[in-house]
Amino acid sequence: MDQRSKRRRRAEPPRPDRQIGERQEELAAARRRANATKVGFVTAVAVLFVGGMSLARSAYAGHAKAPIVPLAAPGRYERIVKKNLLQAGVVAPAQAPPGAASAPS
Amino acid sequence: MNELRFEAMGCEVVARGGRATERADVEELFRERDRMFSRFIPGSELNRVNAASGRPTIVSGLFAATLEIALQAAYETDGLVDPTLGAALAAAGYTRDFAELTTDPRPAGPASGPRAVHLIGRIVRMPDGAILDLNGVVKALAVDDGMALLSGDASVSAGGDLAARGSLTVALPGGDAVELREGALATSGSTKRRWLRGGEIQHHLIDPRTGRPSRSPWTEVTACGATCVAADVAAKSAFLLGDAGPAWLDAREIPARLRRENGAVLTNAAWDRDLREAA
Numbered sequence: 004m005d006q007r008s009k010r011r012r013r014a015e016p017p018r019p020d021r022q023i024g025e026r027q028e029e030l031a032a033a034r035r036r037a038n039a040t041k042v043g044f045v046t047a048v049a050v051l052f053v054g055g056m057s058l059a060r061s062a063y064a065g066h067a068k069a070p071i072v073p074l075a076a077p078g079r080y081e082r083i084v085k086k087n088l089l090q091a092g093v094v095a096p097a098q099a100p101p102g103a104a105s106a107p108s
Numbered sequence: 041m042n043e044l045r046f047e048a049m050g051c052e053v054v055a056r057g058g059r060a061t062e063r064a065d066v067e068e069l070f071r072e073r074d075r076m077f078s079r080f081i082p083g084s085e086l087n088r089v090n091a092a093s094g095r096p097t098i099v100s101g102l103f104a105a106t107l108e109i110a111l112q113a114a115y116e117t118d119g120l121v122d123p124t125l126g127a128a129l130a131a132a133g134y135t136r137d138f139a140e141l142t143t144d145p146r147p148a149g150p151a152s153g154p155r156a157v158h159l160i161g162r163i164v165r166m167p168d169g170a171i172l173d174l175n176g177v178v179k180a181l182a183v184d185d186g187m188a189l190l191s192g193d194a195s196v197s198a199g200g201d202l203a204a205r206g207s208l209t210v211a212l213p214g215g216d217a218v219e220l221r222e223g224a225l226a227t228s229g230s231t232k233r234r235w236l237r238g239g240e241i242q243h244h245l246i247d248p249r250t251g252r253p254s255r256s257p258w259t260e261v262t263a264c265g266a267t268c269v270a271a272d273v274a275a276k277s278a279f280l281l282g283d284a285g286p287a288w289l290d291a292r293e294i295p296a297r298l299r300r301e302n303g304a305v306l307t308n309a310a311w312d313r314d315l316r317e318a319a
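Residue numbers (our numbering), protein chains in the order written: chain A, 4 to 108; chain B, 41 to 319.
Looking at chain A on its own, in the form it has when it is part of the complex (with noise of 0.2 Å):
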């Protein structure tokens, strides 16, 4: 034993058994403490990683993720855009006999 360790032992005051106790459940509580936090942060780590990846996956412009459509105007505003109702057939002199009529119903 060197000579600094006896100077300390003897300028500590004698622990009891108790303290000692204390102070080994803080220190095996601390040590799950650290290990919860270990865990927490892994599993933090894992899902932000997973996360992020499929994010970037999905989102990334290099790839196509799903079927390739056109770029083009939704169907249903296209379908209104070009409907009109009105449109107008053709008439001509008539060549030949009346086959049908038109008439208020």
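FYI, nobody ran anything at the bench for these hints, they're computed from the structure. Ideal placement from N, C-alpha and C gives every residue a C-beta, glycine not left out. One should not assume that every hint holds.
[Stated by the list, open to error] For each label pair, taking beta carbons as the anchor points, the in silico distance ranges come out as:
| hint | chain 1 | residue 1 | chain 2 | residue 2 | range |
| --- | --- | --- | --- | --- | --- |
| 1 | B | R59 | A | S57 | 51 to 59 Å |
| 2 | A | G78 | B | A91 | 28 to 36 Å |
| 3 | B | P147 | A | N87 | 40 to 48 Å |
[As the list claims (entries may be wrong)] Over the 12 Å line for every Cβ pair with chain A, so calculated as not near, a few chain B residues:
| hint | residue |
| --- | --- |
| 4 | E67 |
| 5 | T97 |
| 6 | G101 |
| 7 | L141 |
| 8 | R165 |
| 9 | S228 |
| 10 | R255 |
Given chain A, work out where chain B should sit, using these hints.
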């Protein structure tokens, strides 16, 4: 050309051309539409929807599609051809099949104007008391859909509404005739479906601005559209617009022929241009 004649929707329907099975399909189509859209068949889907006015109702796909076309017609005619004038028709006395209508000494009921209808997908919601009458659109649409069932040169005619594939000469009110080159012809007027109520002549073409049968200067308006629905909507609109009708049709380049009470016939610029270019 082979043809099939039958009565449906209160008028004679004639399907010409195509195969016999196709013509039978046309008849079945008209019967189905009649069952679905008649105001005079108690169990029709139209009556079920009318009975549920004031609350949302789920309708069949065909009903929704037909109502959408009727609403589109109302939109494109600025509300002139409106599907919600059923209450006005009932007030004028058109409460049963036309063949069963008799003179009624009671005065006509209160006038009734258009009502707001909401159609989202297959859900219809109308204000309480609103009554749909889709008859005009339904008949013309049945003609268009019936035509699609017939192969080759063919035609379908229902009352005044007529569509043809391949040219067809058509007799017009008052004695003239014209060749229908493309599309359909429809005639709307007040000379056929008219009756007496409260000592006044009533008819089925309701003016949405008054909620009463129109006092149009025309007795018959014949219009030529790309489809029978187009022709029918155009003819009704011009009839209801009165003297402004020909210009309204010309703005849309729809050929039309309009006939007055005294028999005088007026054709619009689009009609004259078609005849001139074809000659």
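Worksheet item: Would E67 (chain B) pass as off the interface with chain A, using Cβ distances and a cut of 12 Å?
Response: holds, 17 Å
Worksheet item: R255 (chain B): least C-beta distance to chain A exceeds 12 Å?
Response: holds, 16 Å
Worksheet item: Okay, G78 (chain A) versus A91 (chain B) on CB: inside 28 to 36 Å?
Response: holds, 34 Å
Worksheet entry | S228 (chain B) and chain A, when compared Cβ to Cβ, separated by more than 12 Å | violated, 6 Å
Worksheet item: Is the hinted range of 40 to 48 Å satisfied by the C-beta distance from P147 (chain B) to N87 (chain A)?
Response: holds, 41 Å
Worksheet item: Per the stated criterion, does the least C-beta distance between T97 (chain B) and chain A lie above 12 Å, as a non-interface residue requires?
Response: holds, 22 Å
Worksheet item: Would you say R165 (chain B) is clear of chain A, with no C-beta pair closer than or equal to 12 Å?
Response: holds, 19 Å
Practice prompt. Just double-check G101 (chain B) for me: nearest Cβ-Cβ distance to chain A has to come out over 12 Å.
Written response: holds, 15 Å
Worksheet item: Is the Cβ of L141 (chain B) more than 12 Å away from each Cβ in chain A?
Response: The claim holds: L141 (chain B) sits with its nearest Cβ about 15 Å from chain A, beyond 12 Å.
Discussion item. Quick check on a hinted range of 51 to 59 Å for R59 (chain B) and S57 (chain A), using CB atoms only.
Written reply: Holds - the Cβ-Cβ distance for R59 (chain B) and S57 (chain A), about 58 Å, lies within 51 to 59 Å.
In summary, the one numbered hint that this structure violates is 9.
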